[in-house]
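Heads up: the sequence lines are chains X and P, in that order.
Under the working numbering, the first residue of the first sequence is numbered 1, with each subsequent residue one higher.
Under the working numbering, the first residue of the second sequence is numbered 1001, with each subsequent residue one higher.
Hints were generated in silico from the structure; no laboratory data involved.
Below, in silico cross-link-like pairs of lysine-lysine (BS3-like), each with a Cα-Cα straight-line distance of 30 angstroms or less:
| no. | chain 1 | residue 1 | chain 2 | residue 2 |
| --- | --- | --- | --- | --- |
| 1 | P | K1275 | X | K55 |
| 2 | P | K1139 | P | K1100 |
| 3 | P | K1213 | P | K1097 |
| 4 | P | K1281 | X | K191 |
| 5 | X | K191 | X | K202 |
| 6 | P | K1213 | P | K1100 |
| 7 | X | K131 | X | K69 |
| 8 | P | K1310 | X | K191 |
| 9 | X | K69 | X | K355 |
To be clear about the criterion: a stretch of chain P counts as covered by chain X if any three or more of its residues have a C-beta under 8 angstroms from a C-beta of chain X, and this derived list gives those stretches:
| no. | region |
| --- | --- |
| 10 | 1199 to 1207 |
| 11 | 1228 to 1237 |
| 12 | 1260 to 1267 |
Examples of chain P residues lying across from chain X (beta carbon under 7 angstroms, computed):
| no. | residue |
| --- | --- |
| 13 | S1061 |
| 14 | P1270 |
| 15 | D1273 |
| 16 | P1274 |
| 17 | E1277 |
| 18 | I1284 |
| 19 | L1285 |
| 20 | D1288 |
| 21 | H1350 |
| 22 | L1351 |
As the structure is a computational prediction, the values presented were derived from the model and not from experiment.
For glycine and all other residues, C-beta sits at the position ideal for the given N, C-alpha and C.
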Amino acid sequence: MTATDDNRRSDPPGSPAVAELPETIELPEAIQIETEEGRRLAAQIADDKTRHARKLLEVRDLSTHFFTKDGEVRAVDRVSFDLDYGETLGLVGESGCGKSVTALSMTRLVPDPPGKIVSGEIIFDGVNVLKLSNEEMRLLRGKRIGFIFQDPMTSLNPTLPVGFQISESARLHLGLSRRAAADRAVELLGKVGIPRARDRMKDYPHQFSGGMRQRVMIAIALACDPMLLLADEPTTALDVTIQAQILELIRSLSEEFGTAVILITHDLGIAAGMCNRVNVMYAGRIVETGTVDELFEHPRMPYAWGLLDSLPRLDEQRGARLRTIEGMPPDLIEPADDCRFAPRCPYVREVCRQKEPELSPRGEERHLARCWGTEPGGWIQ
Amino acid sequence: MIEGRESRSTSDGALVEAENLKVHFPITAGLFQRTVGAVRAVDDVTFDIRRGETLGLVGESGCGKSTTGRALIRLRDATDGVVRFDGVDLFSLSREKLRKMRRRMQIIFQDPYSSLNPRMTVGSIISEPIETHDLARGKEKNERVRELLALVGLNPRYTNRYPHEFSGGQRQRIGVARALAVEPEFIVCDEPISALDVSIQAQVLNLLVDLRKQFSLTYLFIAHDLSVVRHISDRVGVMYLGKLVELGPPLAIYETPAHPYTRALLSAVPIPDPKAERRRKRVILTGDVPSPANPPPGCRFHTRCWLYEKLGRPENCRTEDPELRLVGGDHQAACHYAEDALQSDVGVAHLAADAPRRAAVPEVVADPALAAAASGGSSEPSGGGSTSGEAAPGG
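All chains should be built: construct the whole structure from the sequences, respecting the hints.
Take a look at the structure:
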């Protein structure tokens, strides 16, 4: 923010505010409220940050399927979890495990067709998200839930200056004037660590480096002070030193604003450093969930410890061979009613092939695993 | 296993030598494409790769590690400097002689999707280099292709399939089979597992380790993932902005790094262990990597260097480009203040000696039917024995 002040001083006297944006770009229309649930959400937003429920987010039996010519792909299959206010939750798993589709479902951004939320409930701060009209979803997106996607080049609009993209949602959701929204955008750009913020308002996304673009994304996501930040592989496209900068930024800003974060990542190291709790997903299902300490120290599901064990580690000199998880994840078109990991599991028994186990408690608070072998009396101890 | 690797690597001198290697790309402008500058992708790099060793090369994107790898097998011509392969200067070779030499060196690319021709069957992809070098014909050639497929863990009957019928990990295996087809001595692995999922990465990494042993291969292993490089390498080189800034055995690079950049890099790598993460001392490097077209004077890292700031911005960092110099046995670093870097715990704070380790993986009880009967009530003693033994079958 000192950078902002410096820039203000360095503006030549009498020049118009640099942050002023073209008049020709029109804002989207105001949001129409249609349903009961929408009225409730609008009233809550007027109330701002008061909590309206016990949990910020409760997801119950969420299933999102994709209807393709080959069949119905169960990308997310009966997923349940919750999120406390201000908590950072990790969704980890390999590509195709359903972690991104889970996040998209929460804001109903799954491309339809072919995707469709076929069942379940998503309660966000007491509001039933699936009962909102498409129009009312715009209240939630941007205002209550901010996004950061993996690739900032494709998720920013290349034809609009970044200043406009940041101030757009502040004008829409907070009703700020063009000038006030521009000032807010400058403030945010400074907060996310972009030097000479005021000068860069009129720059286009291609004029920023990858790390800087991701900072712009974060500024947009936080423009309306959301209660939840969805970060989908926010650093996968970045170099490791830039990744450390961005993760630090997400961590400090979410603390400062009290924003809850759902961090989607395939990198277990990132989850270990950033999250309070972690959900491990495999083949559309949550297979284990717990606090980071519990999960990384005492994983109770063979997939989770297979994943941890197959990683070469920076702080360990290991033998010449790594342990591996043999085989590949299953096809999600009508998967069998067994444990999805059974075909690759070295501990597999007959029961695993017959019936899928429940996500059941494993000792410590909030530590649940889906595995017959590690249940009390099971054969894996 | 480790001893074996070490003896191999020291047995007989260098297979590949790079001397003052420079690769610059011209920047042109205007109607007549006048050269107005140069991107100094690789700028005066000297090192060797010993016969039978795996040299890991790490660095951020744009540091010149891939360009270095390509110049070593002359897929790129050098602007200046010498590359010798088994004593022969590659840049002095005629086309024909180079083609013959190429049989001895191969490359595996990062992207298994774009490095295989989608219109060719797997059989023809793998047999192409065999034909080029006229190593086998007809039946013998087909037999060789099947052998190679089996070698990399694919079904030998797959010769008539096309690349799109395979998953990413399988495609990378096809790339490995193609590289092995000419029985090379030296393989440049350019980010061979970066595009793959975690559980598949380990499979391909193991394959590379097995093949190295089986065929006494020498690897240049280029990757941005420092953990992977530590796992596979006998020596590790760290590059920054076209320069090799540190070179040494993994233990030295990862536990007593002598260059502040290496330390910053190490401190930024996430570790899948929440306790280790909390113990860390992270140096957040400010800003982006400067442009290689216009690198900073003196030490190229000084604009982002935490040690430079800590030492009160010494002048020689800005004016003198530090040479790679010996800081310990077989351990070189290019920093005027390497001794001060060695004193710090930046980048290695996660290595507490008393660090608790994750509970060992439970043992696999072999016979499900028998064990099911036994597991009725009582629990087996908590898995003290790690199963690393059974996880390492010959291959």
